[in-house]
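Chains as they are written, first to last, in our numbering: chain L, 21 to 521; chain E, 1462 to 1882.
Errors might be hidden in some of the hints.
[Said to hold, decoys possible] Here are a few chain E residues that face chain L, going by a calculated C-beta distance under 8 Å:
1) Leu1491
2) Thr1586
3) Asn1643
4) Asp1712
The set of hints was computed from the structure by calculation and includes no laboratory data.
Glycine included, each C-beta is placed from N, C-alpha and C at the ideal position.
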Amino acid sequence: MKTDVLIIGGGVVGCAIARNLSQYNLDTSIVEKDNDICMGTSKANSSMIHSGYNINGSTLKGKLCLKADVKRYDRMCNELNVEYKHTGSIFAGFNEEHLKIIKAEVENAKKNGLEGVRILNHEEVMKFEPNINPEVKYALFDPNTGTINPFEYTLALAENAVMNGVKVYLNAEVLNIIVKDKKIESVYTTIGSFQPKIIINSAGLYSDKIAEMVDEIDFYVHPRRGEYYVYDKKWRDFVNHCIYSPPTSVSKGMIIVPTVDGNILCGSNAQEIPDKTDFSTTKEYLDYIYRENIHMMFPGLPRMGDVVTTFAGLRAASNTEDFIIDYAKNTPTMINLVGIQSPGLTSAPAIADMVEEMILNIAEFSGIKMTKKKEWNPIRPVRPNLGKMSNDEKTKIIAENPDYAKIICRCETISKGEILDAIHAPIPAMDVDAIKRRTRSGMGRCQGGFCGPRIIAILHEELGIDPLDITKRGGRSNILLSKSKNLSLFEREGNNEKIRL
Amino acid sequence: MKKLDYDIVVVGGGPAGLAAALEASVNSNLKILLMERSERLGGILEQCIHNGFGLSYFKEELTGPEYASRFIKEVEKKDNIDIKTGTMVIDINPDKVVIAENVEDGLFQVYAKAVVLAMGCRERTREAITIPGNRVSGVMTAGTAQRYVNINGYLPGKDIIILGSGDIGLIMARRMTLEGCNVKGVLEIMPYSSGLVRNKVQCLDDFDIPLYLNYTVTAIHGKDRVEAVSIAKVDDRLNPISETEITVSCDTLLLSIGLIPENELSKSAGVKLDGVTKGAIVDEKRETNIKGIFACGNVLQVHDLVDNVSAEAKIAGRSAVEYIEEKFDKLDKPIELKPGNNIAYLVPHRIEYKINDEKYIEIYMRVHKPMEHIRLCVLDEKGNILDSYRRDIVVPGSMETIRLKSEFIRNYDFIKVEVQE
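Working from the sequences, and respecting the hints, build out all of it.
Spelled out as structure tokens, the structure:
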């Protein structure tokens, strides 16, 4: 397949770049190794849009984070119809040591050009966060921090790109890249080969592996795992701002976020692990996060019971701990983006601008022409979300399409209509989790116990996928293993080993 | 938005809702609306194709669908019951305005004089007890697996471990075995089985499936699908003992770790809940703190036997009629029912009305811990034993019932029920 620009990796960075490039008369393609976009670091993180008040503004990640400011996010989220909640943030302090940090951060915020950052006294903190640990003495308040649904955000970037002509290939894992005379010849993937003029390596955790396919490299990515709790929506009003817990003798400080969907998200530790595919949670660190963060900051939150889920995400940390964004050493038509960890989600639009600029610089050399389209549509239309509609709006849309009155997910009240929309979206949802991430079906307190069988039935009806081939999230995550009355007696014979303790 | 008027709205078309609607219909000419979110009536009974239902209510042994159909046939015959299936109730307010939606009516409002809550319960999930490990497929509640096998005709796995000895877990251990799967064992964190004794015997012992008490799953392993689980013995405080941890291969983990009454709608209606049962606080008519809102079945307290659900729902259905027809005769002051030694809860929570023709009021309860050769004692305010009932054995997994005689329903502030050796 011929394409002008091949973006490797459909995370937030790859999708933001794709959207920027979709403004040009270019053939742009994204290849993503998983069954959906946004399946790596972009999916499992703190969901915070950082202001950068506490960042070192002279690093690359500092510069890019500060460029992606509140104004930029307001405009972009408006265009993409993505919910962006201006929560503001609170860094809570319990002792003199913390106050020192707070004072230094106020200075740093000034240096970074942020307005409104100030110190709160005990009474003010309690007014801002009535349920916080009352031993809090002071806090740093930053009005510029916000939160977003990272999946909705990444999906919206990708959908808008697709609307404007970008192609997305799923289950397309890059196997090898052939370069001749400093020019890209071919990129082999699990679904076929591509002949791009430019490669954007935004492969996240695997960006070092991709870079290595063309060059000797002097950087590497090491996964740093963080685990998170998500609380039931019944705790919706318990936390008002994004909360940073202060460092303790064992922790560097963690976060508590009231998400755009009404849950509370709490995390996370930072554990170096050897395996880039190890997304497991551990009792050790879940206990640790509860003790050193959740219970310390909001003693009212329980350890379990109202926890709807826990999960782990892997930060794609580079050996320099900064973002590394540069042309490949010996292949100037390839751009590597390595080490995009926090604040990568925040920085994505600024990273995309930077990469756009870098592509303009090599356009002529690569043999592409960068002319802007006459008709580029920055608006990603909103899909009906009945949970956010008034009764009148609901009545109207149900009259047009009764599928919106057929409830499939009881906990989150998600209708068949919304699920069909997700299946037939610009980037179609093809597995159960893909529908979950787009619609919230299965994200509630029963965690898909009720709607699971019904969603499998809908996927089967709409896409003709055999129920035995329907997966939770692609790969071999099949949900059903056999038809009933179908297990071969012969095969099962002797396979009757019990647990013997 | 369409607006409807009914005397009684019953929310939920499972065994509780069916019996409540039927009882209200038999005792009045009131206009009744029964709403069910599934396409068919019957609730969870639809997928309970095993037998053992109806022994006390119908004095014969039925399967779940048979038991449900007895009620469904009657309900469908009644002219004063309207049925709306495929209908999701999304809000109930304290003024008994019910908002619901379905394909035929769209979003609609129902003004009710009385409401019977019969929404049942849901299963606790892996996440509710935060079992660490990978978020793989192949982990599901026993009830979800039951639906896949009995309704959809698919098997969620072949080599199965079950965590929790709740009745659905025990039933599914047998069901999966009959399908040719290897159920490698059932683990229960408590020192006793939480299901009925008869289910342990008929579903595990008869099929040589081991049950390990004081054991739990400590982690779930696998890349895409479960490949193994770590299991460990727990200490007295239910914490896993790391030296006992071993890893066992399997492709499926089924969970039967408890049921939670589904009271989200009750809360929006302002109904107060009991912290132990997670269901409404009710009087003997099954009326909640909101006048004219009644609750029955598993949304009120998780029952072991559907027969008891039907019996309780009849009380709620009849009471809704009495409420509308203003037939209630109140006591001068209510009698609180207080759980004493080794009693986890009592339902009803209080007695509000004078007793008429009945000779007794049935009190449901569960114990905290198993005990043998005990008496369930009814005490007055001063601690005098009014009445007592012998039991050879009491276990948390089996609900106990006593009949509080009408002669004790008089001028007490409270009556206590406790276990005495």
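Exercise. Grab the minimum C-beta distance from Asn1643 of chain E to chain L and call the hint holds if it beats 8 Å, violated otherwise.
Key: Nearest chain L Cβ about 5 Å off; hint holds.
Quiz item: If you take the shortest Cβ to Cβ gap from Thr1586 of chain E to chain L, is it below 8 Å?
Solution: 4 Å, holds
Quiz item: At a threshold of 8 Å, is the proposed contact between Asp1712 of chain E and chain L supported by beta-carbon distances?
Solution: 7 Å, holds
Practice problem: Go through the hint on Leu1491 of chain E and say holds or violated, using the shortest Cβ distance to chain L against 8 Å. | Solution: Not OK, violated: Leu1491 of chain E not within 8 Å of chain L, min 27 Å.
Figure legend: structure checked against the earlier numbered hints; the only hint not met is number 1.
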